[in-house]
Every structure is written in structure tokens, then in C-alpha cells.
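Engineer: Everything in the sequence shown is counted per the numbering used here, starting at 187 for the first residue and increasing by one.
By construction, these hints were calculated from the structure, which means they are not laboratory data. Fair warning: there could be bad hints in the mix.
To be verified - Keeping only pairs whose Cα atoms sit at most 30 Å apart, straight-line, the calculated DSS-like set for lysine-lysine is:
| hint | residue 1 | residue 2 |
| --- | --- | --- |
| 1 | LYS491 | LYS250 |
| 2 | LYS348 | LYS370 |
| 3 | LYS651 | LYS673 |
| 4 | LYS673 | LYS625 |
| 5 | LYS445 | LYS250 |
| 6 | LYS318 | LYS445 |
| 7 | LYS673 | LYS370 |
| 8 | LYS491 | LYS565 |
| 9 | LYS651 | LYS565 |
| 10 | LYS344 | LYS445 |
| 11 | LYS485 | LYS565 |
| 12 | LYS651 | LYS250 |
| 13 | LYS370 | LYS344 |
| 14 | LYS250 | LYS370 |
| 15 | LYS250 | LYS673 |
| 16 | LYS651 | LYS625 |
| 17 | LYS565 | LYS250 |
| 18 | LYS250 | LYS625 |
| 19 | LYS625 | LYS565 |
| 20 | LYS485 | LYS445 |
| 21 | LYS491 | LYS445 |
To be verified - Each pair of labels, with its calculated beta carbon distance range:
| hint | residue 1 | residue 2 | range |
| --- | --- | --- | --- |
| 22 | MET187 | SER304 | 20 to 28 Å |
| 23 | ASN350 | ASP495 | 40 to 48 Å |
| 24 | THR470 | ASN493 | 24 to 32 Å |
| 25 | TYR514 | LEU455 | 33 to 41 Å |
| 26 | ILE290 | LEU455 | 20 to 28 Å |
| 27 | HIS291 | PRO443 | 35 to 43 Å |
| 28 | ASN442 | ASN354 | 33 to 41 Å |
| 29 | ASP602 | MET187 | 32 to 40 Å |
| 30 | GLU424 | ASN493 | 26 to 34 Å |
| 31 | PRO667 | GLU424 | 57 to 65 Å |
| 32 | LEU309 | THR471 | 34 to 42 Å |
Note that the coordinates shown come from a computational prediction; the quantities given were computed from them, not determined experimentally. Glycine included, C-beta positions come from ideal geometry on N, C-alpha and C.
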Amino acid sequence: MATLQELLELGYFPRELPPTFVTDAFANTISSSTRLIPSAFSSNRLVAQSANHSIARVGKLRRKLNIPNPITHFRLCNEIASSWSVISPYINISDFTISSPRSIHGSYRALSPRLRYSVIPTLRSRYRMGLKYLLVTDIDNFYHSLYTHSIPWAIHTKSVAKMNRSSNLLGNRLDTLVRIGQDKQTVGIPIGPDTSLLFAEIILQASDQNVLDEFGTLTGFRYLDDYEICFSSLAEAEDCLRVIESALSHHELSLNPRKTRIISLPHALEDGWRTDLNQFEIRTTQRTQYNDLISYFSKAFDFSKRNPDSSILRYAIARLRSVRVEEYNWRLLQLLLLQCATSEAGTLPYIFEQFIIYHGNEYSFARNLLEETINSLIKYHAPIGHGSEVAWSLWGAIAFSVPLHSESANTVSEMDDSIVALLALDAEQRGLFMTPLDKSNWSHYMTRESLYEGLWLLSYEANVKGWLPSVGHRDHVMTDPCFGYLKSNGVEFYNIQNGCPMELNAVLPLPGGSLSLDF
187 MATLQELLEL GYFPRELPPT FVTDAFANTI SSSTRLIPSA FSSNRLVAQS ANHSIARVGK
247 LRRKLNIPNP ITHFRLCNEI ASSWSVISPY INISDFTISS PRSIHGSYRA LSPRLRYSVI
307 PTLRSRYRMG LKYLLVTDID NFYHSLYTHS IPWAIHTKSV AKMNRSSNLL GNRLDTLVRI
367 GQDKQTVGIP IGPDTSLLFA EIILQASDQN VLDEFGTLTG FRYLDDYEIC FSSLAEAEDC
427 LRVIESALSH HELSLNPRKT RIISLPHALE DGWRTDLNQF EIRTTQRTQY NDLISYFSKA
487 FDFSKRNPDS SILRYAIARL RSVRVEEYNW RLLQLLLLQC ATSEAGTLPY IFEQFIIYHG
547 NEYSFARNLL EETINSLIKY HAPIGHGSEV AWSLWGAIAF SVPLHSESAN TVSEMDDSIV
607 ALLALDAEQR GLFMTPLDKS NWSHYMTRES LYEGLWLLSY EANVKGWLPS VGHRDHVMTD
667 PCFGYLKSNG VEFYNIQNGC PMELNAVLPL PGGSLSLDF
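Sequences and hints are given; from them, build the entire structure.
Structural biologist: Shown next as C-alpha cells:
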């Protein structure tokens, strides 16, 4: 069962954000005293926008993360937690899916897929046995194209939901609460909170059941919006594809034609680059390890160039969690890691993870090279609105006390992104910018109205931290009954201590163990 505490503490903010962004104080305040929450939290007139944050995907693709307003998100999560016994059957309909949401004790998220992605090669070997054709497909622009009305359609059927639009139906209440959290938009659901996994599975499991009812048994699986199904004949595969397309159309969804194909078996169980990197041995003696690191990254760079749509460099760096690099070879590894950052800025969280580990073990690091890389990344990515690259660059500067150049200050100041703005304001408070930030753009959002608009996180947190003054003579946060309640109870969404590598290193073991910091 997913509790309100878990949904707000572990399942609220997207996992891709730097670790300074937290929701534990919010969850503790709301969950421990729901009866004391001001009545304004439940106002039917309350409508809010999500904060948006652009993150890097593989290749040239990007994804827009959404951070719902805390007031509307509390209402949604409270409904989910209160109605869990009713919701639960709708995420356990289909045996075909392996991504049914589960509340797993000890997980870093409130809801996680039932099986890990790493088990997929084993499943492939089981399902493909004795069959000749493989249908591979996924849903086009899945989360952004989900129709919120599909939630009641999936739970109650479309005919019932269209006849009864009242709040007596759970699906209608969930639909309404999702929409008021995204400015009443009916197309798309927020990407980032764990609630998105829940709604995706409610809708797709209803679609799965429609496919099973018409086609019969399926030999294969669906993981989120990716399908892999095996058949004995080409005609069966083509017929099943038609049935899946028809079932999805009832929920206003369609398959991605670029990723839909029928393949003759046998077929590789995993990508060749993954197998090669997994099998590559990095030895422990000083000289052999030096040569192995060069060979390993040469392979990774070559694979990355030949497979631009695969997250090869991230995978290659993450695999180093099981390797302890000798101090003599640490400078070489730094050079290789920073080259990865320049080639694919989405590797920054994995790179900084390595820096934190070795910094904690008293390895020195090349601060001048880190300074050059971080400022270069900000200079390139800030003008084109690449929020995650800039955010992680700023977090790295904070974590390792790296100076930020004047051009970095100028370009960052122009970004309308709460995550970037708060990290930049923190960096300025720490004296890392060589010239002051131009805060005139962000200062416009220090109003009560802005607490329910797209930069709500900046409007609230910059006030709580005292980084930006309210517009006018009154504290704009305290004039709002909802956000004033949060501030009065000490709720912060930005933890300054999580910008310190030594604080983080306290939960990081030496290389060779499993890491506690979930990037």
C-alpha cells in the first residue's frame, strides 16, 4: 500500500533532480496533522500550474519533467492513499505487464515497477523459446499524450464514465485532481511524480485486458509503454499489432511507427555494447588498470558514437561503481569522466558520484579542469534552455566550491527554471559567482499569484531562504493561507546541506559496494 507519507516524501519530486531538492519536511508536516491543514487546501476553486524542468535524454531528445504544485499534489496523493484498496485491483488486472506499481519497503521511491529492468534479458530468453517472430513496439509520446479522462474510462469503462460525470466515481475524482494540478489541461499527465506510473498502469492494464479479450494469450511482456510479444507465425504478429492499436485508440493513444517492427527470431537478448562493457575487466594493479581504463573508455566512446540513441556513457560510468581506481590513475579517470560530460551532459550525476566517492577518500581532484568543464557546459546549455545540464553543473560547482564565471552568471540569470534559479541563488550566497547574478527576472515571481504558477518553487523557496524579497511591502508567502501554513511549519523544498559532498559521502561506501545515493 502506498501511504500519503510515502507518496509525498519519496514519490513527489522527480528522481532526476539534484539531491538539494527534497520533500521530507513537506511530507512530515502534511502527513502528521492532516486535520490541522487550512480549509483552503481543499478549495474547489484552487487551480495551479506545474513547474517545468527540461532534462537530457539520449541523442538529441529531451523530456519535460513536471513538478506539481504542493497544494494540488497533496490533494491528489491524499485521494490515492485514501482510496488505495479501491485502486489496487486496477493495477493488478494484467499478468502481461511487468511494471505494475508496487510499494517496496526500503525503496527510494514510493512506487516502483514490479520487476527491475535488469530482468528483461532473462524474460526474453523464456518467452522467445520455440517461437519464430517478435513484435516490438512502444506508445508514441506516451505520458504527454495521455488523456486524463482515460483514467475514469479505464476504471469504470468509457460508457459508464461518460454517463456519470459526478464526483461519486473515483475515476472522475482522480481525473479532476490531475487536471487542477496542471491548469485544467486534459492532455498529458505530469512526468516525474510516482503518480504518473500509477495512472499509466491503470490505463494500460485496461488496454491489456482488451487485447487479451480479443486476441487471447500473449507470450511476452509490457514494461511501461514498451511491448515485446512472441509468435509462431508472421500472420499472428500482424494480427496482434492490429488488436493493440485498436485497444490503445480507445484511450486516445497510438503506437510509435518508428519503433514498431516484427523481427525474425532468434534475436539478441541485449545490446551488444552492453554485453561488451559488462565483460570488460578493469584490473587492479597500477599499470594494467591505467591501460584498462583507456581501453574501456575508448570502447564506450566508440559505442556511443555508433549508437547515439543509447545511454552508453551513463551506463559505462555507472558500472565503475564496482571498481576501485588506484590513486595514481585517478587523474586519468577525471580526464575521461570530464570528456564524457562534454560529449553527453546527461552523464553529470554519474560523474559527480565518482568525484564524491574519491573526494571522500582523500583523493585530490583537478579543480581547474572541473571549473573549465562546468563553466563551458553552462555557457553552452543555458542559452538554449537545457535545464538539467545547467542545474547539475551548478550543483557540481556548489559541491566542489568551483568558481562560476561572469558569462555563467549572465546566461543563468535569463533562465525561467525554478531548479536552476534556486541552485544559482545558493551558489551566489556561497560566493561562487565572480560577478553578481541579475535577479530582476526572478524577482518578478515573488508574488502571491506566482505561488500557483509555473515558477511556484522559486516563488516559495527564495522567500523562505531570504534570497529574494517579496514584491511590495508584505511577505507574499505568509499572505497565502496554504503556503503560509507550510512556511510557518518550517517546510523547505531545498536542503542547503545536500550541496556538500562530505554530507553526501556519509552514505556512500567505498567502490565495490552498492551505493545509497540514487541518481
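Engineer: Each hint needs a verdict: does it hold in this structure or not?
Structural biologist: Here is how each hint holds up against the structure:
Restraint check: the Cα-Cα separation between LYS491 and LYS250 comes to about 25 Å, which is no more than 30 Å; the hinted pair holds. For the proposed pair LYS348 and LYS370, the alpha carbon gap of about 18 Å is at most 30 Å, so the pair holds. Simply put, LYS651 and LYS673 have alpha-carbon atoms about 10 Å apart, close enough for the 30 Å limit, and the pair holds. Distance hint between LYS673 and LYS625 is fulfilled; the C-alpha atoms sit about 23 Å from each other, no more than 30 Å.
For a cut-off of 30 Å, the pair hint linking LYS445 to LYS250 stands: about 21 Å separates their Cα positions. With a C-alpha separation of about 19 Å, the suggested pairing of LYS318 with LYS445 holds against the 30 Å cut-off. In summary, the hint linking LYS673 to LYS370 is supported, as the alpha carbons are separated by about 26 Å, within the 30 Å threshold. A threshold of 30 Å between alpha carbons decides the hint, and for LYS491 with LYS565 the separation of about 24 Å falls inside it, so the pair holds.
For a cut-off of 30 Å, the pair hint linking LYS651 to LYS565 stands: about 27 Å separates their Cα positions. Of the supplied pair hints, the one linking LYS344 and LYS445 holds, its CA atoms being roughly 29 Å apart against a limit of 30 Å. Restraint check: the Cα-Cα separation between LYS485 and LYS565 comes to about 29 Å, which is no more than 30 Å; the hinted pair holds. Straight-line distance between C-alpha atoms of LYS651 and LYS250 comes to about 26 Å, which keeps the hinted pair within the 30 Å bound.
Only pairs whose Cα atoms come within 30 Å are accepted, and LYS370 paired with LYS344 is accepted, the gap being roughly 20 Å. Taken as a hint, the LYS250 and LYS370 pair is honoured in the structure, with Cα atoms around 18 Å apart against an allowance of 30 Å. Distance check on the hinted pair: LYS250 and LYS673 sit about 28 Å apart at the alpha-carbon level, within 30 Å; holds. Restraint check: the Cα-Cα separation between LYS651 and LYS625 comes to about 15 Å, which is no more than 30 Å; the hinted pair holds.
Taking the CA atoms of LYS565 and LYS250, the gap is about 21 Å. The hint holds against a cut of 30 Å. Our distance criterion of 30 Å between C-alpha atoms is met by LYS250 and LYS625, whose separation comes to about 24 Å. Taking the CA atoms of LYS625 and LYS565, the gap is near 18 Å; set against the 30 Å cutoff, the hint holds. Between LYS485 and LYS445, the direct Cα distance comes to roughly 26 Å. Compliance with the 30 Å bound is thereby established for this hinted pair.
Proposed proximity of LYS491 and LYS445 is supported: the alpha carbons are some 20 Å apart, at most 30 Å. For MET187 paired with SER304, a C-beta distance near 26 Å keeps the hint of 20 to 28 Å intact. Range check, ASN350 to ASP495: Cβ separation about 44 Å, and the 40 to 48 Å hint holds. Remark: the range hint 24 to 32 Å for THR470 to ASN493 is upheld by a beta-carbon distance near 29 Å.
Distance hint check: the CB atoms of TYR514 and LEU455 are about 38 Å apart, consistent with the given range 33 to 41 Å. Checked against the hint of 20 to 28 Å, the pair ILE290 and LEU455 passes, with Cβ atoms roughly 26 Å apart. For HIS291 paired with PRO443, a C-beta distance near 41 Å keeps the hint of 35 to 43 Å intact. For ASN442 and ASN354, the hinted distance range of 33 to 41 Å is satisfied, since their beta carbons lie about 37 Å from each other.
Taking 32 to 40 Å as the suggested C-beta distance range, the pair ASP602 and MET187 conforms, at roughly 38 Å. In this structure, GLU424 and ASN493 meet the distance hint of 26 to 34 Å, their C-beta atoms being roughly 28 Å apart. Distance hint check for PRO667 and GLU424: the Cβ-Cβ separation is about 59 Å, which falls inside the suggested range of 57 to 65 Å. A hinted range of 34 to 42 Å holds for the C-beta pair LEU309 and THR471, which are about 39 Å apart.
Every hint, counting from the list given before, is met by this structure.
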